[in-house]
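Read off the chains here:
2 protein chains.
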Amino acid sequence: MISIALDAFGGDNAPDVVVQGAINAVNSSEGKFAIVLCGPEAEVKAKLQEFGYEGKLIQVVDAPELVAMDEHPTEVLRKKQHSGLVMCVGLQKKGLVQASVSAGNSGAMMASCLMILGRTSEDFARPPIGCIIPNAKGRSVLVDAGANVDEKPNVLRDFALAGSVFAESYLGIKDPKVGLLNMGEEEKKGPVSVQEAYQLLKNAPVNFIGNIEGRDVLLGEADVVVCSGYVGNVLLKMYEGFFELHTKTFGVIDTPAGKQFNEAWDYRNTGGALLLGLKGTGIIAHGRSDAKAIEQAIKVAYTFAANNVPEKIGKKLAGIEA
Amino acid sequence: MISIALDAFGGDNAPDVVVQGAINAVNSSEGKFAIVLCGPEAEVKAKLQEFGYEGKLIQVVDAPELVAMDEHPTEVLRKKQHSGLVMCVGLQKKGLVQASVSAGNSGAMMASCLMILGRTSEDFARPPIGCIIPNAKGRSVLVDAGANVDEKPNVLRDFALAGSVFAESYLGIKDPKVGLLNMGEEEKKGPVSVQEAYQLLKNAPVNFIGNIEGRDVLLGEADVVVCSGYVGNVLLKMYEGFFELHTKTFGVIDTPAGKQFNEAWDYRNTGGALLLGLKGTGIIAHGRSDAKAIEQAIKVAYTFAANNVPEKIGKKLAGIEA
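In order, the protein sequences belong to chains A and B.
Each residue of the first sequence is one higher than the one before, counting from 1 in the working numbering.
Each residue of the second sequence is one higher than the one before, counting from 1 in the working numbering.
Each hint can be trusted.
Identical copies go unnamed one by one, so any copy, or any two together, can satisfy a pair.
Restricting the straight-line Cα-Cα distance to at most 27 Å, the calculated cross-link-like pairs of lysine-lysine (DSS-like) are:
#1 Lys32 with Lys312
#2 Lys189 with Lys79
#3 Lys248 with Lys174
#4 Lys93 with Lys45
#5 Lys152 with Lys188
#6 Lys177 with Lys248
#7 Lys137 with Lys248
#8 Lys299 with Lys177
#9 Lys56 with Lys93
#10 Lys259 with Lys137
#11 Lys189 with Lys152
#12 Lys45 with Lys56
#13 Lys188 with Lys79
Just so you know, these hints were derived from the structure itself, not from any lab.
So here's chain A without its partners, still in its complex pose (with noise of 0.2 Å):
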């Protein structure tokens, strides 16, 4: 059985919404996976007591450790083994479990995941962050989230493969659409990287369907969106206020429409950030997540172990570099 460990001081709202998630994930999940809750020990089997759950499938591991929003990520590696975040990885690289998610320090969250379990391209220099974002036909996949900066062209070509992988292996779209955000459908358009890129694409085994711009994504064009993490976390962000102002206008529309619409943009219901290029499950959830929300990356984290996507994106991505 998939085990996945989860990060239970992690997170704004940390431990009270990480444990009930989790009591709301193994309830709902008819026993397929079983969660390792690293924290302080005590502290948190009374808040399991608490919230009533007497069952199995959910242990809990001590971390004594605590790591605050701030800490630099480094520093949280050397100086806080026992904290549930670095614990939680540790657990997955032995093999105890085969995913991790923390919704805390994300930088340390990153980092861990990167020199504990490595990653699957040398080009990657962080995991790139993919998100899950809807669209008006449905939904596609955002690679880089938010991890990188300033890429190269060749690392922007492997965004879209890692991108397509996730793509197809988690939301089941065959073939994905693969979609180069840019300024305009010219290949000579936009920032030098970008192009480069393009001309990387046309060549790269996936479905490259060329640039694309703001509004295709809004309007679903591409199963999977292409871009810097600079770019990519802008758009995610403008994502959250876009739901925000209209939450604010107009409250929840209470009609199918509406609350699909809602259903479809909370980021409650997205799962939080994958690490892709990892060897291994990585998930950041928002560091603001409720038990919704950390219910929600649970199991995204279970269908990513269960599926296994990382071995798939390491497959595509060595094919390229062989």
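Chain A is already provided as a structure; the job is to place chain B on it using the hints.
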């Protein structure tokens, strides 16, 4: 009286919507400005007659040559001296009109304005595009919405100066808050060029509030959003996509909030792309403009020219360079 030159055969729906937009603009502006329609004279006059205009506020100047949407900008400048697009800007250079508007070939309009009117800062390879964008609190200014790519930090700084004058003199926002679009709030986040621009902006004569994220743009945390033309174009097109997705999902919501949202988000009300950093007022209206969008672009051009916005931007930039 201020006169505005209008490219009669520019845009997907020209000349009908252009001529109609011009008529609507003068009819609803109490004689504040006159319009000079540049295009094949007989055809433009026939359209004016067809649409029932008999006033004296619209003149026609014969410009027999037509410019295709995909013609190369410098070719247009060289070979199409008698096109509406080039003649508009030529009349402006001669002082016969105070602003030019075209919904035609945007690259050619950009090049004509740049070569014929000239730039107010040598740092601008191309005049940055300023756009009005809606947010949860009202409106803000985006610079650059797509003219430049791969900008140096001092160019981003100059975008901030130009945008600040734009927001103050056009939107009437005193001491507008200038935000640098980035992937985090910290100074050391994001691409190197953005980090360097941050340092320049700390000492620039604008109300710099630091980095802003995509979410902040929608929530209206800044009055002036500064970013590269590449990112700005993605952002602007995402706005279009959001609005289309929203309209597709919900239609026009028939409440005061819904109407206000529609009014604010409809690109036809924004007046198009303003070329900042030129010695004069040049506006690129959306290629798919209808009469309402053209009317609005004319009114924006009037307000820009009447408030001497280009001169004020020139002075602000000269202060930095001196």
